[in-house]
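Protein chains: 2
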Amino acid sequence: MNIEWVGSLAAVITTFCWLPQIVKLMRTRQTAGISLASNAFFATGVALWLVYGLAIGSLPLIGANMLTLVFVLIIVGYKLRYS
Amino acid sequence: MNIEWVGSLAAVITTFCWLPQIVKLMRTRQTAGISLASNAFFATGVALWLVYGLAIGSLPLIGANMLTLVFVLIIVGYKLRYS
Chain Z
1 MNIEWVGSLA
11 AVITTFCWLP
21 QIVKLMRTRQ
31 TAGISLASNA
41 FFATGVALWL
51 VYGLAIGSLP
61 LIGANMLTLV
71 FVLIIVGYKL
81 RYS
Chain H
1 MNIEWVGSLA
11 AVITTFCWLP
21 QIVKLMRTRQ
31 TAGISLASNA
41 FFATGVALWL
51 VYGLAIGSLP
61 LIGANMLTLV
71 FVLIIVGYKL
81 RYS
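Heads up: the protein sequence lines correspond to chains Z and H, in order.
Numbering of the first sequence is given in this note's numbering, commencing with residue 1 and proceeding in unit increments.
Numbering of the second sequence is given in this note's numbering, commencing with residue 1 and proceeding in unit increments.
Calculated directly from the structure, the hints in this document are not laboratory data.
Please note that a few of the clues may not be correct.
[Unchecked claim] Okay, the calculated beta carbon distance ranges per label pair: (1) Z:G57 to H:R29: 38 to 48 Å; (2) Z:L59 to H:R29: 40 to 50 Å; (3) Z:R27 to H:I56: 31 to 41 Å.
[Claimed, not checked] Covered stretches of chain Z (chain H as the covering partner; in silico rule of three or more C-beta atoms under 8 Å from a C-beta of chain H): (4) 2-13; (5) 26-32; (6) 42-54.
All C-beta atoms, glycine included, are put in the ideal place defined by N, C-alpha and C.
Let the hints inform the model, and build the full structure from the sequences given.
Now the structure itself:
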């Protein structure tokens with residue numbers, strides 16, 4: 001397996017892994033166990049990765065972090081709305 | 001601000017952002033709202049990032065993902081133990 005495929009697979013998984021969390025939140029609206037601080041910091045970090053990706057013109061960084069940011073902001077939104 | 005600093009700050013934040021979640025789990029053991037699938041996939045993706053970092057010899061990738069993997073495995077452990 002080409003090592004670049006390992007990196008690409010890693011990027012895809014760490015981007016789309018948040019979908020089950022979003023589905024769970026949509027179904028249960030149960031947010032008590034979720035840390036707002038962790039998810040808010042994560043969103044901040046991902047936004048900085050996006051800025052970095054834009055600055056160096058890296059399409060994989062831009063794409064992965066734009067999607068991840070949307071997913072994490074949805075999680076933060078649920079936490080703020082239902083806690 | 002040098003753009004490399006933005007990337008480094010992004011790496012530090014997306015690594016250590018999970019500490020508040022771990023502290024919350026240690027204090028409350030409340031795991032119901034947390035998605036096991038999301039965190040297990042995230043751990044898998046981070047492990048692949050670590051493999052990729054080792055393969056290309058990137059110290060920042062290795063360091064950040066090794067720490068993140070430890071943090072996320074702690075979260076997965078709490079989820080498995082207290083749900």
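request  = With a C-beta cutoff of 8 Å, work out whether three or more residues of the region 42-54 of chain Z approach chain H closely enough for the coverage to hold.
outcome  = Satisfied; 8 residues make the cut.
ask   = How does the Cβ-Cβ distance of G57 (chain Z) and R29 (chain H) compare with 38 to 48 Å: does it lie in that range?
value = holds, 45 Å
request  = Examine the region 26-32 of chain Z: at least three residues should have C-beta closer than 8 Å to a C-beta of chain H.
outcome  = holds (count 4)
ask   = In this structure, is the beta-carbon distance linking R27 (chain Z) and I56 (chain H) contained in 31 to 41 Å?
value = holds, 40 Å
key: Status of the given 40 to 50 Å range, CB of R29 (chain H) versus CB of L59 (chain Z)   = Given about 42 Å between the Cβ atoms, the range holds.
message = Is the listed coverage of the region 2-13 of chain Z by chain H valid when you require three or more residues with a beta carbon under 8 Å from a beta carbon of that chain?
response = Per the Cβ count (8), the hint holds.
The structure agrees with every numbered hint stated previously.
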